Amino acid sequence: MLKYVDEYRNAELAGELSQKIKGISTRPFNIMEVCGGHTMSIRKSGIQKIVGGHINLVSGPGCPVCVTSIEDIEKIIALSEEKNAAIATFGDLFYVPGKKKSLADKKAEGSDVRIVYSVSDVLKFAKKEPGKDFIFISIGFETTTPTVAAAVKQAKEENIKNFFILSLNKTMPNALRAVLAHENSKIDALICPGHVSTITGTEMYKFLVEKLGVSCCISGFEPLDILRAIYVLTENFEKGRKVLANAYERAVREKGNIKAKLIMEEVFAESDASWRGFGVIPGSGLRLKKEYSSFDAEKHFDIEIKNVKENPECKCGDILRGFNKPADCSLFKTACTPDTPKGACMVSSEGACAAWYRYGE
Amino acid sequence: MCWSVPGKIIKIDGNVSTVEIAGVKKEVHLDLLEDARIGEYVLVHAGYAIQKVDEEKAKFTIDFFNGKNDA
Chain A
0 MLKYVDEYRN AELAGELSQK IKGISTRPFN IMEVCGGHTM SIRKSGIQKI VGGHINLVSG
60 PGCPVCVTSI EDIEKIIALS EEKNAAIATF GDLFYVPGKK KSLADKKAEG SDVRIVYSVS
120 DVLKFAKKEP GKDFIFISIG FETTTPTVAA AVKQAKEENI KNFFILSLNK TMPNALRAVL
180 AHENSKIDAL ICPGHVSTIT GTEMYKFLVE KLGVSCCISG FEPLDILRAI YVLTENFEKG
240 RKVLANAYER AVREKGNIKA KLIMEEVFAE SDASWRGFGV IPGSGLRLKK EYSSFDAEKH
300 FDIEIKNVKE NPECKCGDIL RGFNKPADCS LFKTACTPDT PKGACMVSSE GACAAWYRYG
360 E
Chain U
0 MCWSVPGKII KIDGNVSTVE IAGVKKEVHL DLLEDARIGE YVLVHAGYAI QKVDEEKAKF
60 TIDFFNGKND A
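Same order as they appear, the protein sequences are chains A and U.
Position 46 (the first sequence) corresponds to 45 in numbering that gives the first Met the number 0; numbering is contiguous.
Position 10 (the second sequence) corresponds to 9 in numbering that gives the first Met the number 0; numbering is contiguous.
Calculated from the structure, these hints are not laboratory results.
Check the hints yourself; a few may be wrong.
List of simulated lysine-lysine pairs, DSBU-like, C-alpha gap at most 35 Å [claimed, not checked]: (1) A:131 with U:25; (2) A:123 with A:254; (3) U:56 with A:152; (4) A:152 with U:24; (5) A:127 with U:7; (6) A:123 with A:305; (7) A:123 with A:100; (8) U:56 with A:254; (9) A:106 with A:298; (10) U:10 with A:2; (11) U:7 with A:123; (12) U:10 with A:131; (13) A:98 with A:254.
If you only want the chain U side, here are some residues facing chain A, beta carbon under 8 Å, derived [said to hold, decoys possible]: (14) 1; (15) 21; (16) 32; (17) 40; (18) 42; (19) 46; (20) 47; (21) 50; (22) 53; (23) 57.
Cβ pair distances, simulated, as ranges [unchecked claim]: (24) U:34 with A:329: 52 to 58 Å; (25) A:242 with U:56: 52 to 58 Å; (26) A:15 with U:19: 28 to 34 Å; (27) U:12 with A:281: 40 to 46 Å; (28) U:67 with A:264: 38 to 44 Å; (29) A:358 with U:65: 39 to 45 Å; (30) U:56 with A:185: 31 to 37 Å.
Owing to the predicted nature of the structure, the values given are computational and were not obtained by experimental measurement.
By construction, the Cβ of each residue, glycine as well, lies at the ideal position given by its N, Cα and C atoms.
Bound-form chain U, shown alone (with noise of 0.2 Å):
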């Protein structure tokens, strides 16, 4: 029940946005975030956005994973 899908923030209204998943527009609520943007990846869960991507490290787990780095 703690699923959460990760998508893209395109328009933001207040404390409302949409969310594209997969193709698919969302609207998520943004009271969970400090300070979200457009184009910014988040964590959507129930409607609610309760935390951004880092793609940084999101990288770092890929170079784990192809041998580039430890664990």
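Here chain A stands alone, though its shape is the one from the complex (with noise of 0.2 Å):
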């Protein structure tokens, strides 16, 4: 048993929510689900099947390796090459292909490319190896990069020389403002991503309900936190109402993790960043501030990536905007499967295109 979460697992109580959810819904409704975690709970336990024919759950943009770029990816790739370094990084990008290889390949090389669970992993490598350089890709939203800003506090405080971060952390806020402000956006509401919001709090969203007319609902991660996400949003899609609301109060709170918060603010400053699909987003990505930029393996490394084109064919970026479903693209499941991945959406296991395939469409 596992408290809070077999709770909100309970398939007898599912069924009765949908049936709720059916019973008010009238109209053609898309939703989209911003978090990659949650598009695989929705695909996992068949939610779109259950819900009813109106409601259309699209995939957004939030599973930060398919965001990251071809450019980024390259970056990477070129950090693997560094002599007397090490890449450390979360398994979900150990497989995503860059132009011509991934840094799975990199390590069947010979490169040593280690795969951890936490950004404090790294640290421990790096006391224990201090005469190599251990180089942490640093990829996710704002509920990964408090834990990134705070290793990066004890790097400055303990002294340790040869710990640096790849910053290709993001943010949400903007990224939502260019999928829904886009004038081909059919989107009529959001399920908000439940631990982005631990550390930002209900109050991040209030610009989308406000100024872009879009309801928002925060959701945990279990099929019933998500079914009842869908049912507040389309009881109030039905009675005309644009809201604001949290289903995941147990875990979210109106100003976040303040403490969070502040870390983050004292060790990364906001700056543009690239997104697979999307281009740069002004203000969306995060940098190291001057103070913490020893630490930076931009500025350690030299490292030069020569123009780099996502594969054409790949509609991965119109699907994290979006405008396609992973069966929209000529490559899903013919060219490009779990073992054949050509574009990062495949590979990640919160991708689009992972979940459909191995869940169905």
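Hey, can you piece these two chains together into the complex? The hints should help.
Take a look at the structure:
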């Protein structure tokens, strides 16, 4: 029994809740689940199938691996060729193909590439092997960035000189604005990422409701949590109301985690960032502040990336923006499979293409 | 990737705690929490506790699913 998880997986209650949703749903309603974790949970538990035909669930840009641009993948590959240095990465990035190679290929060729569960593991490596440089590939949204900020602070306090990060961290607000303000967007409402919101709080979404007229409901990741968010959004949509709702009260407060936000602000400053499928989104990235720039891998190592382009046949970008579904891509399930991924959306365990491949359309 | 799992703090040693998740004990950093205490449930993400679980609110949600209150 996993407390605060198993209670939210009751199939009988899920059936009742889906009947309630069907009962109030009278017209087409497009809901984007922003987070890749939600995409996976929705597909795995068959939620799209049980909520009825009016509700269309669309995957969004909330999978950090999926939105990592090809230029940034090439930077990672270039760093893996540094002598006397090791790359430390979350497992999801390991198989993402660059222009020619992935980190898995580089490891097979002899590069020191280590998969870690936490950035704190990388600090341990750096302390244990002082003669080697360790480069942590820092991807993630507001959930993950504070953990990296805490590690960078610790590295400074403990004067660890062989620990570096490649900051590919991204923030949600401007990416959501880019999705929703686009002329082709058909999104009526958002299921907002539960764990990003534990840090940011509910207040981050106010502008989406007030300025862009899109309802938002923060949700946990278990099937009942997601069904409840769909119910709340559908009920308000049917009544013509725009709302900001929190259906993950056990973990999300209005102001979020203030201490985590302060640590993040102490270490990182806002920057522009390149997103797969979007291009550069102003103010959507994070770079290390000057006081912490000695930990910046891009400053310490001399890497240069020449113009690289995404595979034009891969529709990952349009899928992340909600314009297409995986089945709309000509590569899906033909040239592109989990064994032969052409884009990050098929590699990441939370990618829309991987979810559709594994659990069906 | 933003996955996190709830677990119970069973030991605290400075900034590092031991959290039990489904019977498995994990080392979890507490740098991001203000005042974590033994016995509390926290959400664990990538080796760090990112938020406490509010037990009262959790009960409210369970009650909603059982038809005892509104969404």
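Results for each hint:
1. A:131 with U:25: Distance ~27 Å between residue 131 of chain A and residue 25 of chain U Cα, so the pair holds.
2. A:123 with A:254: 32 Å, holds
3. U:56 with A:152: With a Cα-Cα distance of about 33 Å, the restraint between residue 56 of chain U and residue 152 of chain A holds, given a limit of 35 Å.
4. A:152 with U:24: At roughly 26 Å apart (the allowed maximum being 35 Å), residue 24 of chain U and residue 152 of chain A satisfy the hint.
5. A:127 with U:7: 30 Å, holds
6. A:123 with A:305: 34 Å, holds
7. A:123 with A:100: Measuring from Cα to Cα gives roughly 28 Å; hence the hint holds.
8. U:56 with A:254: Roughly 16 Å between the alpha carbons, so the hint for residue 56 of chain U and residue 254 of chain A holds.
9. A:106 with A:298: 24 Å, holds
10. U:10 with A:2: With a Cα-Cα distance of about 18 Å, the restraint between residue 10 of chain U and residue 2 of chain A holds, given a limit of 35 Å.
11. U:7 with A:123: Roughly 24 Å between the alpha carbons, so the hint for residue 7 of chain U and residue 123 of chain A holds.
12. U:10 with A:131: 33 Å, holds
13. A:98 with A:254: Violated - the C-alpha atoms of residue 254 of chain A and residue 98 of chain A are around 41 Å apart, more than 35 Å.
14. 1: 4 Å, holds
15. 21: Holds. Min distance 5 Å.
16. 32: 7 Å, holds
17. 40: Holds. Min distance 6 Å.
18. 42: 6 Å, holds
19. 46: 3 Å, holds
20. 47: 4 Å, holds
21. 50: With Cβ-Cβ at 4 Å, under 8 Å, it holds.
22. 53: 5 Å, holds
23. 57: This hint holds: residue 57 of chain U lies near chain A, its Cβ roughly 4 Å from the closest one there, short of 8 Å.
24. U:34 with A:329: 52 to 58 Å: Hint holds: Cβ distance 54 Å, inside 52 to 58 Å.
25. A:242 with U:56: 52 to 58 Å: 19 Å, violated
26. A:15 with U:19: 28 to 34 Å: About 32 Å separates the Cβ atoms of residue 15 of chain A and residue 19 of chain U, which means 28 to 34 Å holds.
27. U:12 with A:281: 40 to 46 Å: 43 Å, holds
28. U:67 with A:264: 38 to 44 Å: The hinted range 38 to 44 Å holds for residue 67 of chain U and residue 264 of chain A, with Cβ atoms some 40 Å apart.
29. A:358 with U:65: 39 to 45 Å: 28 Å, violated
30. U:56 with A:185: 31 to 37 Å: 33 Å, holds
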